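Visitor: Going line by line, the protein sequences match chains A and B. Heads up, the first sequence is in the numbering used here, so the first residue is 63 and it goes up one at a time. Heads up, the second sequence is in the numbering used here, so the first residue is 19 and it goes up one at a time.
Everything labelled a hint here was simulated from the structure, so no lab data went into it.
According to the in silico footprint, chain A covers these stretches of chain B (three or more CB under 8 Å from chain A):
#1 87 to 94
#2 101 to 113
#3 122 to 129
The following residues of chain A were derived to be distant from chain B, with all beta-carbon distances above 12 Å:
#4 Leu121
#5 Tyr127
#6 Phe128
#7 Val132
#8 Ile197
#9 Ala208
#10 Ile242
#11 Tyr255
#12 Thr259
#13 Phe325
Only a predicted model underlies this, so the values are computations on that prediction, with no experimental measurement involved. Backbone N, C-alpha and C define an ideal beta-carbon position, used for all residues, glycine too.
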Amino acid sequence: MSTPLQVYEPFRAGLPKLGRYWKSLWSRRTFIKEYSKSELREQHFASFFGQLWLVLNPLLLSGVYFILIVIIGGATDSSRYAHLTASLFLFYLVANSLTGGVKSVTAGQRLILNTAFPRIILPISAVVIAIFKFIPTLLVFLIIKAVVGSPFTFEMFWAIPVLLITIFLALSLAIAISCINVYFRDIASFLPYFTRTLLYLSPILYEASALNPNLRLIEIVNPLFPILDSWSRALVHGEMPEISSMLQGLAWATGIFFAGTYFFLSREREFAVRL
Amino acid sequence: MGLTYTTSIDKKPTLKSRVKSLGRGTKQTRVVRALDDINLDIQYGQVLGVIGTNGAGKSSLMRCVAGILPPSQGRIEVFGTVSTLLALGVGFNPSLSGRDNVLLGGLAAGMSREEILNNFDEIAEFSELGDAIDAPMRTYSSGMYARLAFSVAAVVRPDILIIDEALSTGDAKFKEKSLNRVKELRSDDRALILVSHAMQTLRDTCNDVAWLHKGKLVQRGHPDVIIDAYQEFLQLGKSAVIDEDF
Chain A
63 MSTPLQVYEP
73 FRAGLPKLGR
83 YWKSLWSRRT
93 FIKEYSKSEL
103 REQHFASFFG
113 QLWLVLNPLL
123 LSGVYFILIV
133 IIGGATDSSR
143 YAHLTASLFL
153 FYLVANSLTG
163 GVKSVTAGQR
173 LILNTAFPRI
183 ILPISAVVIA
193 IFKFIPTLLV
203 FLIIKAVVGS
213 PFTFEMFWAI
223 PVLLITIFLA
233 LSLAIAISCI
243 NVYFRDIASF
253 LPYFTRTLLY
263 LSPILYEASA
273 LNPNLRLIEI
283 VNPLFPILDS
293 WSRALVHGEM
303 PEISSMLQGL
313 AWATGIFFAG
323 TYFFLSRERE
333 FAVRL
Chain B
19 MGLTYTTSID
29 KKPTLKSRVK
39 SLGRGTKQTR
49 VVRALDDINL
59 DIQYGQVLGV
69 IGTNGAGKSS
79 LMRCVAGILP
89 PSQGRIEVFG
99 TVSTLLALGV
109 GFNPSLSGRD
119 NVLLGGLAAG
129 MSREEILNNF
139 DEIAEFSELG
149 DAIDAPMRTY
159 SSGMYARLAF
169 SVAAVVRPDI
179 LIIDEALSTG
189 DAKFKEKSLN
199 RVKELRSDDR
209 ALILVSHAMQ
219 TLRDTCNDVA
229 WLHKGKLVQR
239 GHPDVIIDAY
249 QEFLQLGKSA
259 VIDEDF
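Required output: the full structure, derived from the provided sequences and hints.
Guide: Structure below.
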């Protein structure tokens with residue numbers, strides 16, 4: 063008899079054949095896109111404004127912080143408002159990836175129990191959804207930037223590599239947390255507190271340069287700190303970010319990616335049993 | 019091969035019991051031996067029916083063969099591409115139209131966009147939905163849902179096709195239609211595995227039947243012999259209800 067195309071043996075933690083896995087994942091790229099689009103459409107399906115919420119959400123969020131910073135806080139520096147809006151929108155790209163990713167495997171129970179496919183598609187789809195939600199916020203921010211009179215410079219293009227690093231980080235976190243949730247379901251309940259804490263420990267409500275020197279440890283242990291700082295420098299202030307900050311963010315994203323992906327790929331065959 | 023897993027039992031999922039159990043650090047569990055020393059060899063050209071009572075391990079076996087559940091003991095070797103119809107409408111989104119769900123369901127089943135588009139007319143015609151294919155699936159009846167889901171799955175032409183009780187959906191006319199489609203798929207270069215409680219369907223369609231009971235393979239052989247033995251075991255007389263062909 064010829065060599066079997068597929069051999070299934072008892073589950074032992076360890077990586078699958080990565081070449082074959084990647085090929086199978088690549089062949090499913092259209093499914094990832096369509097699945098993400100369908101999930102996004104379903105989120106606002108029954109509402110009056112429907113998909114307009116993709117634009118309304120960032121506008122309303124921006125409006126709330128305008129009230130907080132400018133009207134109540136009395137801030138006159140328009141760059142502070144621009145910094146807050148830009149950083150908040152990028153933060154929510156990561157937060158939405160985490161929120162969508164944490165339940166992506168457990169919510170995909172029906173798919174997992176009835177179809178053989180690379181399970182990593184599920185957290186990847188959660189990140190794709192977060193990216194779809196992020197794109198309109200970028201447009202909203204550019205309009206805000208124009209309205210507050212902040213200059214547009216060529217250095218703003220440095221935001222592109224910063225955005226790519228952020229997406230890489232978001233994907234890494236989504237993959238890791240989706241797998242953790244299979245074994246420790248309480249993490250989904252802890253997550254809102256974690257993201258709220260992360261928001262306050264990140265240079266969103268304040269600029270990175272305004273951080274108390276005694277709290278510099280936050281810069282080191284928070285993977286989002288250097289990324290958001292770079293983002294604000296490029297997009298808001300029109301300056302080239304520090305390469306060391308971008309490399310620090312990339313190092314965090316790479317480390318979490320390898321650890322999270324190893325954990326996920328070595329365990330995914332067990333998901334159907336766990337679910 | 020065998021399949022064993024452990025499930026936890028939470029007799030009283032209340033806050034009080036959880037606090038008490040946290041302190042003791044104990045957890046009640048139950049070991050489930052879903053499949054026990056199953057030895058099966060299925061060749062191309064065979065249409066294998068799998069029968070057994072509820073909880074016999076039929077669906078677990080199908081999921082192991084499809085690579086969805088890893089076996090706990092032994093080994094499964096698959097020579098060919100596998101497509102499964104273990105549940106209807108996997109990957110479907112009820113908010114979308116039938117047309118959009120054909121794309122989604124086809125992609126979930128592993129087809130490419132081109133394959134789905136090339137076969138769309140065949141899928142739509144087989145489902146007999148007419149204009150309803152452009153309506154959201156949440157407006158469909160269960161029969162309409164099942165017809166479209168089966169139409170999508172039936173378009174796939176794999177080397178090995180596994181169908182788990184999906185033929186029992188829809189009205190009598192559609193049951194006959196879907197059964198005819200399954201019969202069309204029988205060929206020397208394909209293997210079919212059919213899990214069903216419809217004994218007459220299995221007699222008509224299969225050339226081999228395996229009987230599972232409590233995770234073990236009881237008997238395997240000619241459909242008439244095995245099904246008769248199974249029905250005798252269950253102490254059932256012959257009737258349309260028992261054959262589940264109504």
